[in-house]
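Residues per chain, in single letters:
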Amino acid sequence: MSVAQSQLPREKELDKVILKFQDKPGLLLGILEEIQNLNPQKYLPIEVLEYVSQKTDIPLSRIYSVVTFYAFFNLKPQGKHSIIICRGTACHTRRSKNLLEYLKTMLNLQEDESQEGEKLFLTTADNKFTLRTVACFGQCALAPVVEIDGKIYSHMTENKLKEIVKRVAAGRKL
Amino acid sequence: MKITNYDSLQKVKVEGLKKYLPSKTRIAVGMGTCGIGNGADLVMAAFSRELKKKKIDAHLTKTGCFGFCSQEPLVNVHIPGQPLVIFNKVSPREVKDIVSALGKGFLPEKKALCKIESWDNLTGEVVNFGAGYPQIPLWNEIEFFKYQKKIVLRDCGLINPEDIEEYIAVGGYSSLQKVLGGVSPEQVIEEVKISKLRGRGGAGFPTGRKWELMKNVPGDVKYVICNADEGDPGAYMNRNEIESSPHMLIEGMSIGAYAMAAQSGVVYIRAEYPLAVARLKHAIAEAREYGFLGKNIFGTGFNFDLELVEGAGAFVCGEETALIASIEGKAGRPRPRPPFPAQSGLWGKPTNINNVETWCNIPVIIAKGGAWFTQTGTPASAGTKVFSLVGKVKNTGLVELPLGAPLQTLVYNIGGGTGTNKKVKAMQSGGPSGGCIPVELFNTPVDYESLAELGAIMGSGGMVVMDDDNCMVDVARYFTEFTTSESCGKCTPCREGLFQSLKILKNITQGKAALEDVPKLKDLGEIIKDTALCQLGQTAPNPVLTTLKYFKDEYDEHIQAGKCRSGVCPELFISPCENSCPLHMNIPGFLMLLKANDLNQAFESIYQDNPFPASSGPQGRYRPAGIPG
Chain A
35 MSVAQSQLPR EKELDKVILK FQDKPGLLLG ILEEIQNLNP QKYLPIEVLE YVSQKTDIPL
95 SRIYSVVTFY AFFNLKPQGK HSIIICRGTA CHTRRSKNLL EYLKTMLNLQ EDESQEGEKL
155 FLTTADNKFT LRTVACFGQC ALAPVVEIDG KIYSHMTENK LKEIVKRVAA GRKL
Chain B
885 MKITNYDSLQ KVKVEGLKKY LPSKTRIAVG MGTCGIGNGA DLVMAAFSRE LKKKKIDAHL
945 TKTGCFGFCS QEPLVNVHIP GQPLVIFNKV SPREVKDIVS ALGKGFLPEK KALCKIESWD
1005 NLTGEVVNFG AGYPQIPLWN EIEFFKYQKK IVLRDCGLIN PEDIEEYIAV GGYSSLQKVL
1065 GGVSPEQVIE EVKISKLRGR GGAGFPTGRK WELMKNVPGD VKYVICNADE GDPGAYMNRN
1125 EIESSPHMLI EGMSIGAYAM AAQSGVVYIR AEYPLAVARL KHAIAEAREY GFLGKNIFGT
1185 GFNFDLELVE GAGAFVCGEE TALIASIEGK AGRPRPRPPF PAQSGLWGKP TNINNVETWC
1245 NIPVIIAKGG AWFTQTGTPA SAGTKVFSLV GKVKNTGLVE LPLGAPLQTL VYNIGGGTGT
1305 NKKVKAMQSG GPSGGCIPVE LFNTPVDYES LAELGAIMGS GGMVVMDDDN CMVDVARYFT
1365 EFTTSESCGK CTPCREGLFQ SLKILKNITQ GKAALEDVPK LKDLGEIIKD TALCQLGQTA
1425 PNPVLTTLKY FKDEYDEHIQ AGKCRSGVCP ELFISPCENS CPLHMNIPGF LMLLKANDLN
1485 QAFESIYQDN PFPASSGPQG RYRPAGIPG
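Chains as they are written, first to last, in this note's numbering: chain A, 35 to 208; chain B, 885 to 1513.
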């Protein structure tokens, strides 16, 4: 099965990415990272994985194993805005967990108990926000840090976080 | 311009020096990730605007990070013939003051952090900036830098990381030229062996021996790999090294490739470090353009090229066999060793893997000699190590210390303690593979063996300071949560053992555990240590085992008294103020009554718990935000 007709121009894009990484080390990771970044919803639909498998002769099972192994890849669409709370040690000692709990309450997100030990990944019902954590941004000197839509905010507090999230939700400039 | 010999390298060096030491004022804004996170981009824009407005002809450029992260944004200004002056916490407002003073031909001394009169980049001649400004302290006179020795960070925060010519200006690529110009691979390895350099990724294996093992394996195709998958939470040295001077890594790897007869190399770097990735990509392109990577390097027939692979967020990929699997496009699961990568690594070929910092030491060892390198550090641990000093410490930043310096120097002299009225309780070294060292043992020298003796490890160099507000059971739980979710699942001890440990730890933090759970936790940890397949599993119990060893009273308190003295475990107390009060007075209740304006009842409620409120009041440690202690 190939990518649906309506998405044909994307097939061209996919080919370009696949060609770029041909015969290079780290080919599969590189291809998947770049393709996911091309998708405005930052995820890898199964059709795309099938297409990559066809083109690269890598079994779909292995591609699926790679996608589910690494934290970077998503199989589900991401919310319009991404909020990533750093859970590194320095951030933890400066209580980043409270920020996480605060946001969960603020955005009305519930964690699925069955996912214990898995990485946190929650999207609001209106698809506006995706909340996740990262092992460490390496911004430890500025702890606690939170990344919102690709920008890192340092020395974060609950009040600051509230303000920024409100602004983002209202589509205002930061 | 392609550089083919010593003369053409010297020509570029002259060009580079024109940018590094121009005949006009040079202003360099620290644009590492930390700097930008503190507003360095705004400072840069302000300089550009102000200089134009005042019509001052200066060379405005960017640099990496000088290491003092808590004082970012850092800006260094050099007027020809005068010392290089470093300004800290520069705001766009202060840019105005600096530029307007510059217009009058001087610098605002009062705003300066320190000055540098001369600097030894170690790979070239000593750079003399100039003398002057008696009021400003020298950089190595201030506490944060006083104990440091910058060998790895020799160029960081000084040169422009996006300009290969500035790297060449301070002696960059001269070690590669020296080696290719007539040092045999055996001699290179011998020099690295003499230097006693050990792997800076954490395990501390002697680098020279590792190289020799690889060299002696027959084979036409060999690989060198740089492990830049700095996954330890709390550590960011490698990020900074690449952001601030990416060419030292490329040069180190090229020299290693020559010594071990490898033709290609891979840098495996975390995707969470976008700026480091971008700067390294740029540097690799520059190195190709100048002929330091590619075919026939320095006209000697030596071929070597480098590719960059971005990791995708898996901690276990820092383990070398998992890292290789990841480059090969598989899930990053470790495999048993032997065979070691030197025998069968990437695509089954002999492969050498070293950490970023290990590679970055190589150009200096070649330039200065192995014997020079051993003058720093201890007999068993030569050289320096870069640490990221973070957590509950006043002066956060990157610190490069000679190995063997005691922990207290790091925490108190350099870090300045917590900077609050809280006391330091412990230091966590080595991330999820390391351990917690209590304050009583801070006279321990920081070297591979001493830290291992305490049950911690040096690791990649993350040093997280903890104070009274940090609960050590919670710390153990935090790391076990991390390693449980990062376990690749291949071997049972790690996958199941950590999961069970986490269960017990959660119970303890929620007041649901029994005293028998503590020995169980210890047994589990020891079994995982002995039986897990890879380093991740074998070291994962360290945070639990060290906290059990040094902070057992906190475990007991959680279990027996249902108390978390630091006020971290939410299930064990009503409110932080009640928890920190020695009499456990019902403070929230008092506040509610006060809010309802029921003063009599509020007054009564105090006397229910405490007949002497005025004298015992100051005992409570907790102060809500906004209320002065």
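Source of the hints: derived by calculation from the structure; they are not laboratory data. Check the hints yourself; a few may be wrong.
Derived lysine-lysine pairs resembling BS3-like cross-links, with alpha carbons at most 27 Å apart [unchecked claim]: (1) A:Lys114 - A:Lys89; (2) A:Lys131 - B:Lys939; (3) B:Lys939 - A:Lys196; (4) B:Lys939 - B:Lys895; (5) A:Lys58 - B:Lys1387.
Derived CB-CB ranges, DEER-like [what the hints assert, rightly or not]: (6) A:Glu47 - B:Glu1337: 51 to 59 Å; (7) A:Arg206 - B:Lys1278: 46 to 54 Å; (8) B:Ala1169 - A:Arg206: 32 to 40 Å; (9) A:Gln75 - B:Lys1404: 42 to 50 Å; (10) A:Arg206 - B:Pro1497: 43 to 51 Å.
Bear in mind that the values here come from a model prediction, so they are computed numbers and not experimental data. Note that CB positions come from ideal geometry on N, CA and C, so glycine has one too.
Run the structure past the numbered hints and jot down the numbers of the failing ones, going up. 1, 2, 3, 4, 5 and 7
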